[in-house]
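*Asks:* Listed here are the chains, written in short residue letters.
There are 2 protein chains.
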Amino acid sequence: MIELNFSNMMEEVIGVKGISERRLENLRDKIESAYKQIVQRKWKELEFLDLPFRDTAQIKKIAAEVRDDSDNFLILGIGGSALGPGAILEALSPLHNLQKSPKVFIYDNVDPRTLKQILELTDLKKTTVNIISKSGSTAETAAAFMILWDEMKKVLGDDAAKRFIATTDPYSGSLRRIAMENKMRTLPINEGIVGRFSVLSPVGLLLCEVIGFDSDELLRGARDIHEKCLIHELWQNPAVMFSALLYLMESEEKRNINVMIPYSDSLKLLSGWFCQLWAESLGKLGMGMTPYPSVGTTDQHSQLQLWMEGPEDKVIVFIRIDDYGADITIPASFPDIEGMSYLSGHKLSELIKAEEESTELAIAKTERPSMTIQVPAIDTYHLGQLFHFFEFATTYTGFLMGINPFNQPGVEEGKNFTYGMMGKKGFASRKSEVETARQKKVCWKI
Amino acid sequence: MIELNFSNMMEEVIGVKGISERRLENLRDKIESAYKQIVQRKWKELEFLDLPFRDTAQIKKIAAEVRDDSDNFLILGIGGSALGPGAILEALSPLHNLQKSPKVFIYDNVDPRTLKQILELTDLKKTTVNIISKSGSTAETAAAFMILWDEMKKVLGDDAAKRFIATTDPYSGSLRRIAMENKMRTLPINEGIVGRFSVLSPVGLLLCEVIGFDSDELLRGARDIHEKCLIHELWQNPAVMFSALLYLMESEEKRNINVMIPYSDSLKLLSGWFCQLWAESLGKLGMGMTPYPSVGTTDQHSQLQLWMEGPEDKVIVFIRIDDYGADITIPASFPDIEGMSYLSGHKLSELIKAEEESTELAIAKTERPSMTIQVPAIDTYHLGQLFHFFEFATTYTGFLMGINPFNQPGVEEGKNFTYGMMGKKGFASRKSEVETARQKKVCWKI
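Note that the protein sequences, when read in sequence, are chains A and B.
When you line the first sequence up against the working numbering, it's residues 16 to 461, in that order.
When you line the second sequence up against the working numbering, it's residues 16 to 461, in that order.
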């Protein structure tokens, strides 16, 4: 089971910049209200809580077909539809495309250079395309889908649809309609599932199975932590404690940046996934914390200086790994060189763990706050725990802040301008607004 | 030539949250002092300014040998020694390892899982290892080097040294000593070159040549913008303007986060490179801004909500690309589906540019500030301009802040604890400090 160590958040350990037990106790009413909203299921978007308990048979069946007949598995999706699968891929099968089949490509942009390269690298006859979009109308995913559909038609004619899997709303939306009309395989994203909370739905599970990992293990991990995140007592519930501490650090201490630093290359994209979850869920009404994606030890040589001596605006969340599943002993290659020989005989895992602990302590000595999530191993089971834990924690935090963590009203404006420029019906006025703004822009450049 | 458009930073365009011309004019004395420190070369670390004017013959010669006899090129380095080469690789040759030779691996961590995989994937007899470390004593790089040296010895015996290139201080340090004793090929990092300002030194140039790109073009781009960044007039110097605006936004408007969002998958690591440069150079004495690595359009579905409606603590820096060097027209795949058909006939490049402009405008409408760096194309020449521009801008900003942008005193403490735990001579007391801290930590966990 993953564990939360919050010693270095506490006044008792790091001094006055820390949080006292009393301040946590003072939050009890807000915590109670947050807890109730979850337990009483006051929002339909809390359906993500049920995902660990769903059946995976249909996903396993489709994944087996993909593994059987595909050299490439291409995901078209953006935001939660890409970050969840990406985090799973990187954590469970790092450097995947250099050694395993099917190769996996996740196209989560409309960069023409990237798509052109993917098309050059993949034989479409041996490629399965998984379009992931609840509505089907996300512009980026729609554009990529239209291109892939056309290319596949050129190669396979009427058989094109057999190489697509649509992960989408089970009842409505344009992708559902296209999938039905063309008899594509489909997997459901229920109405109550918000994109950034969808990793334990078919959005993430299909990829997990396609790369040869048991999605039931992801869910088993999530189920085991599920109960812990519902314990009705602050001091025993890691999700509530995580939320309460970061909430207090932001609202009372003005620490508006939360760094997420796993000490593992394979968890870089888990940071990215978390950052979307945290930013998009909590950044509204002038509130919110900025989640910062990082990786250790690497960023000790990039960001640590700023964390140690920059402004007092951060809380650092370490992810510490117990077992890396691989190890190498540092040999006595240069016994005469004092600046190196002390490393001989130690394992790489010792070194990376020592660096993690050293960085924690160095930060604590400046009296700046940090937390540590201890992860026994980077495997399917614990990855499921991390996902579900962070989803719980984000939800609790949103409710502590008194906001709706499930919407994202702030992104509509930009979409509307794009619709205008792309000539979508009903958005002509937005196009002229863009043109007016362009005039203003020309005066100020070098 | 790259261009800076700062309209959306200005009061005249976005209103009171913007900067007025007068406030910029008020900064003249500080700017003059910063300018003088650069022009008069008051710091030895300003040597990076000379890099675009250096000869590349030796680098080209070594790179030709690598291309000739290697299937793999493995860089061992961390921080600036890895981020510069990484940014070049991703920008110039995306998805490199799936299509080109030699394959490139950049090991910038001590994650045992990653190194184990790299060793499994590479035939050492056909691998060149480039160790990049000015001193040679960086623990992470030293550990990796010791392992690779030992492995290579097992395979090649006395010929092992022939497969190494040491990029290091030309006169001193443990890596220099080992290289000399073993007759390794070497390339210099002069004493005046700080890691994060080293990308246009052999640190980045060798990789550039190894993957088949002309490093002289990188330098030519840098030289062309060099003159512009030395113009003695705020309104004509993009580096000074960039610095002055972000400095004012931080010091007077409390905007402590600078988001860097290139609209290109290939420039993701350029963001990462910039983030190290900005964070480590400026984060000291309680000051500094947090640089945030992002990518468009992807992060519109991840971070944009927070930028639009979260706290007023950010400045967004867009990087807009004119020519992606590749394009795809979106076909009329589903003419009956209104949510998709408006995209038909447009090019992907139109869509990504429209999204960039839309996001700029949406943010400007909330009166929040942003800037845009316009890049004609993602090629060697313009990449050189971006690197040199950001190095100039970081230096100007450091001098405006009145700090030393070239040191990183805050990272020593953590290193010392690691030395203690690894048993380095003279650090025993640090080890006991770690053990005492561990006791304190056990009480607060769930």
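Keep in mind that the hints are not guaranteed to be accurate.
Heads up, the list lumps identical chains together, so a pair's fine if it works in one copy or across two of them.
As the list claims (entries may be wrong) - Okay, derived cross-link-like pairs now, BS3-like style, lysine-lysine, Cα gap no bigger than 27 Å in a straight line:
1) Lys177 x Lys440
2) Lys115 x Lys440
3) Lys131 x Lys460
4) Lys269 x Lys460
5) Lys131 x Lys115
6) Lys269 x Lys368
7) Lys118 x Lys131
Derived by calculation from the structure, the hints in this document are not laboratory data.
*Asks:* Could you work out which of the previously given hints the structure breaks and list their numbers from low to high?
*Replies:* 1, 2, 3 and 6
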